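Protein sequences, first through last, are from chains A and B. Just so you know, we're using our numbering here: the first sequence kicks off at 11 and counts up by one. Just so you know, we're using our numbering here: the second sequence kicks off at -3 and counts up by one.
Source of the hints: derived by calculation from the structure; they are not laboratory data. Treat the hints with care, since some could be wrong.
Just so you have them, the derived chain B footprint on chain A, three or more residues with Cβ under 8 Å [unchecked claim]:
1. 14 to 23
2. 37 to 47
3. 62 to 70
Computed from a prediction, not measured in an experiment: that's the story for all the values here. C-beta atoms are modelled at their ideal positions from N, C-alpha and C, and glycine is treated no differently.
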Amino acid sequence: MTIDWGSLILAAVISAAVTVGVVSLVAFTVVGLSASVHRPVGGRNDGAPPPVRPAVGAAVAAVCTLAVVLIVGYGLFLVVT
Amino acid sequence: MDVFIIVVVVVVTALVFDFTNGFHDTANAMATSIATGALRPKAAVAIAGVLNLAGAFLSVEVAKTISGGIVAEALITPVVIFAGLVGAILWNLLTWLLGLPSSSSHALFGGLIGATLVAAGPNAVNGTAVLGKVVLPAVISPLLAGLVAVAATFLAYRITTRADAGTAHRGFRIGQVVSASTVALAHGTNDAQKTMGVITLTLITAGALAPGSAPPFWVVGAAGLAIALGTYVGGWRIIRTLGKRISDIQTTQGFTAETTSATVILASSHLGLPISTTQVCTGAIFGAGAGRRLATVQWGVAGRMALAWAVTLPAAAVVGAAASWTAASGPFGVVVVAVSGFALAAGMYAASRRNPVNALNVNDVPTLPTAPAAARSGQEAA
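Extracted from the complex, chain B is given alone in its bound form (with noise of 0.2 Å):
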C-alpha cells in the first residue's frame, strides 16, 4: 500500500482514538463536581475540554515513546500501529457502552501488544515491562489512592463537625473545582502526548521525519485538538458511574477525592512511575465514599470495575491481534480492518441511543439509600 496513504490512515485512527480517550476520561476530573452540583454538567465539560487542550501544549517529553518499552518500537510499522489504534478504539468504545472507567492507555497497550505479537513474534514484547508498568501499578494505584481518600475525607469531615454547613459547602465546592481542574490540566498534559507520539513515530516510520524528533506543531495541534472535543462531548455513561453509582457523593468527598487524584497523579508522574489516571480517580472515589460516616458504597460497582480492568489490556491485544493478522494481508485486508472498525463502532453507537446518557439525565438515578436505611431495609427483608 502506498506510504502516503497508509500515514493518513494511521494519523486519522490515533486522532480517533484521542478523541475516545477524551470523552471517555472525562469523568476522571469531571464527574465528583457534576454529581455534588458544583458545576453544570456542560460547563464542566467545557472547563475539562479546554484544559486539556491547555495540557497538551505544556510537555511533549511522554509523546517521545509511546510504549514506554513495553513493545519493541523499532519492529513497529504503520499497519501494527494502525492494528493497535483499532484495538484500543474499540475497547474504550464497548466500556464506554458499559459505563465503566477503563485506561484508555491499558488500552492502548493492550492494542499495541497484540498486533506486535502477531506482525513481530512475541520476543518483540517485554513481559517485564508489561508487569511493571502495568499490571502493578494496576494494583498499586487505586489502592493507594482509595487509601488516602479515606483518611482525607474522614478528617474534613471531623474538622469541620463544627463549622457553618454554608460555609463549608461553598468553600468545599471552590475547591473541588480547583482539584478537577488540576486533574483535567495534567490529564491533557499525559494522556494527549499519546496521540502525539503515536502520530511522530508513524511519520519517522515513513521518512517523513528524522528518528528522534519531536512531534511537529499540527501534530501537537490536532492531537490536542481531538482529545479536547473528546472531552468536551463528555462519556456521560461513565460520568454517571463515577459520579452516581459508586456512593452518594457530597461536596466535602468530591473534593477529598478530586484532591487525592490530583497529587497522586502529579507526584507519581514527577517520580516517573507509571499509573492510569483513570484507575486513581476511581479509587479516590471509592475512599472519598467509604470515607463518610454512614456512607453507603457500592462494592459490587467496584467488582465489575475491577474485572473491566483486569481484561483490559487482554480484550484489547486480541482485537489488536485479529486486526494485525487480516491488515498484514495487505491494502484489502487494511481496508477490511477499517471497515469492520468503523461497523462495530457504529453498532455500540447505535445500541447506546436505546438508553441514551446525556447533560440532562447524567445525574437521574434512584437515591442510594444510606447505611441505617439500609441496615433496616436488610432487617425487615429478613
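Only chain A is shown next, with the shape it has when bound in the complex (with noise of 0.2 Å):
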C-alpha cells in the first residue's frame, strides 16, 4: 500500500501551524481590545493594571486583525480555487 506519508505530515504541520497562529492572534487581538476597557470595581480583575496601554492594545489589535483577515482571505482562495 502507498500512503503518501510526506502529504500527511505537511497537512499535519500546516494544521497545527495555522490553526495555533490565527487562534493566538485572535486571542492577541482580544488582549489589546481589552486594554481600553473599563474594569468595574468589584469584578474579577478589581485592582489589576490593564496588560497593555490602550493606545499599544489598539495597535497590537489592529495588526493582528490584520494578519487574520489575511490569512482567513488566504484561506477562502484555497477553497474558490
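Could you fit the two chains together into a complex? Lean on the hints.
Set out below in C-alpha cells:
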C-alpha cells in the first residue's frame, strides 16, 4: 500500500501551525482591545493593571486583525480555487 | 428497464442522498455556534445552507470521480449506483435518528462497495484504496484535529487570562462565526460535488453525456440546492450531540474547534488527502473540550461515535449489497428496493417524532458537571 506520508505530515504541520497562529492572533487582538475597557470595581480584575496601555493595545489589535484577515482570505482563496 | 426511467430514478435518489448529506452534516459547521449562542439556531442553519449552495458552484474538480478509485467505475451501472445510494441514505438516516455524527462519504463508499461486490465481484473493489482512503484517514484525521484543538484551546485561554471577559466573549464569538462559515463553504465545495459526480456518471453510462464530461449546469444547481435545503432543515439531533453532549462548550472553545476544523480540512484538501469533514469536526470539538482546564469531556460519547465510524462502511455495504442483489432481478426488483427504502426511511422519521429535536429545544440538555463537581459527586458516592 502506498501512503503519501510526506503530504500527511505536511498537512499535520500546516494545520497545527495555522490554527495555533490564527487562534493566538485573535487572542492577542482580544487582549489588545481589553486594554481600553473600563474594569468594573469588584470584578474579576479589580485592582489589576491593564495588560497593556490602550494605545499600544489598539495597535496590537489592529495588526493582529489584519494578519487574521489575510490568513482567512488566503483560506477562502484555497476554497475557491 | 427503460434507460430513461432508471436514469430518472438514480438522479432523484442521488438528490435525496445529497439532502440527507446536508442535514446530517449541518452540525459540522454550526453545532458549536448554536451551543454557545454565537448564532441563533435558525440563523446558523440558514447561513450554512447558503454557504453550502455557494460552495457547490465554486468547483467541479471532486465531481470528476465519485469513488476515488475505491471501486472500478467502468463496471458500475445505474442500477448499482441506485443500490449504493439506497444503502448510504438508510445509514445516514439511522445515524441521524441515533444522533451520531458519522461520515456521509463513507456511507456512500460503503453502499457503492457492497453494490459493486454483488454486481461485479470482489475484483471490482480496490482493497488498498479502501485502506488508504477510508480506514487510515478515519483514524488519523480526528486524532490530528483533536490534538491541534487541545493546543489551540489551551493557548487561547492562557493568552486571554487577564483580558476583559466581555471583550473576549465578543471577539471569539465573531471569530467563531467566521471560522464556522468557512467550514460550511468548504463542505459545500466538497460534498455537493459527490452527488454531481454520481449524476454525471449515470448520465455518461446512459449515453446522455460523452465520457469525461463535466457536470451540466442543471446538475450543479440541483445538487447545490439539495444539499443547501438539507443543511437548512438541520440535523438537530446531531447538532445537539456535537454541541451539548460532548462538553460544556464555551465561545472560546467553539472558536478554536471551528478554526481547527477549517484549517485541517483546507490543508488536507489542498494536499489531496481524503478526509471526512464529520470526523475532523468531531475530533476538534473533543479536543477543544479537553483543552480547557476543569472542563468535563464525555468520553463515553466518543466511544459510541468511534463504534459508529467503524461500522459505517460495512453497514452501508451490507444494505447496498442487499439492494443490488434485489434490484438485479429486473424492474420489479428496483421497485421493491425503492419501496422498501422509502418504507424504512418513513419508519425512521416516524420514530424520530416520538422525541423530536428541533431549533427550539436543541440546546435543552442537562448541564454537564464540571470536573471538581464530578469528582465531589464521585467521592460522595464512594
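Outcome of the hint check:
1. 14 to 23: holds (count 6)
2. 37 to 47: Satisfied; 8 residues make the cut.
3. 62 to 70: Coverage by chain B is violated for the stretch 62 to 70 of chain A (0 residues, Cβ < 8 Å).
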